[in-house]
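> Hey, can you work out the whole structure from these sequences and the hints?
Taken in order, the sequence shown gives residues 1 to 167; the numbers are from the numbering used here.
Here are the simulated EDC-like cross-link-like pairs (lysine to aspartate or glutamate), alpha carbons at most 16 Å apart as the crow flies:
{"id": "1", "residue 1": "LYS58", "residue 2": "ASP81"}
{"id": "2", "residue 1": "LYS51", "residue 2": "ASP20"}
{"id": "3", "residue 1": "LYS57", "residue 2": "ASP81"}
Please keep in mind that the hints were generated in silico from the structure rather than gathered at the bench.
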Amino acid sequence: MAPCKPRTFTAGEDPLTKFDGAISVATMPRPADRQFLFHGIMRPSRGIYAKLVATGKKPPTHFHPSQWEFFRVLRGNLTIDINGVPVHRTVDDGEMAVPPYTHHVIYGTPGTEMNEVEFLVSATDEEEGATAMDQEFFENWYGYQEDIFQRGEKIDLIQVLAVSKTW
Numbered sequence: 001m002a003p004c005k006p007r008t009f010t011a012g013e014d015p016l017t018k019f020d021g022a023i024s025v026a027t028m029p030r031p032a033d034r035q036f037l038f039h040g041i042m043r044p045s046r047g048i049y050a051k052l053v054a055t056g057k058k059p060p061t062h063f064h065p066s067q068w069e070f071f072r073v074l075r076g077n078l079t080i081d082i083n084g085v086p087v088h089r090t091v092d093d094g095e096m097a098v099p100p101y102t103h104h105v106i107y108g109t110p111g112t113e114m115n116e117v118e119f120l121v122s123a124t125d126e127e128e129g130a131t132a133m134d135q136e137f138f139e140n141w142y143g144y145q146e147d148i149f150q151r152g153e154k155i156d157l158i159q160v161l162a163v164s165k166t167w
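So, in structure tokens, the structure goes:
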């Protein structure tokens with residue numbers, strides 16, 4: 001079976017906006033010790049996030065095999081599930097590091113004002129010979145989630161492997 005054809009093409013868009021405007025990430029100049037720096041805005045009251053919040057569900061977890069990922073809340077309330085344990089973050093908490101091979105997911109903190117969460121996300125430089133989490137990863141990851149969770153497409157092992165190649 002051939003993979004489904006994308007309904008929209010977002011390759012190279014900056015900012016990259018997905019889930020009917022529920023999340024967007026814009027590229028910022030990267031610090032010398034980081035692979036990338038993105039400015040993110042999550043709007044939990046839109047798109048798939050609104051549907052997930054209404055049913056008490058969360059986006060799927062993922063992990064990165066060779067990079068540390070960092071989150072810093074600039075505005076609002078963000079939850080980062082770390083191996084199934086929710087960690088609530090605000091602007092006062094500073095940067096949080098997520099080590100390689102740690103299952104995690106981010107979402108607007110339930111029970112708080114759910115208008116917008118503004119945050120920074122970055123990752124360490126890739127190790128020699130390792131695949132990198134970068135703009136291509138985010139385009140593939142969010143695009144695939146959009147197909148599965150918002151459009152109801154079936155999970156396709158080939159697409160999962162293609163996305164995993166990018167990190």
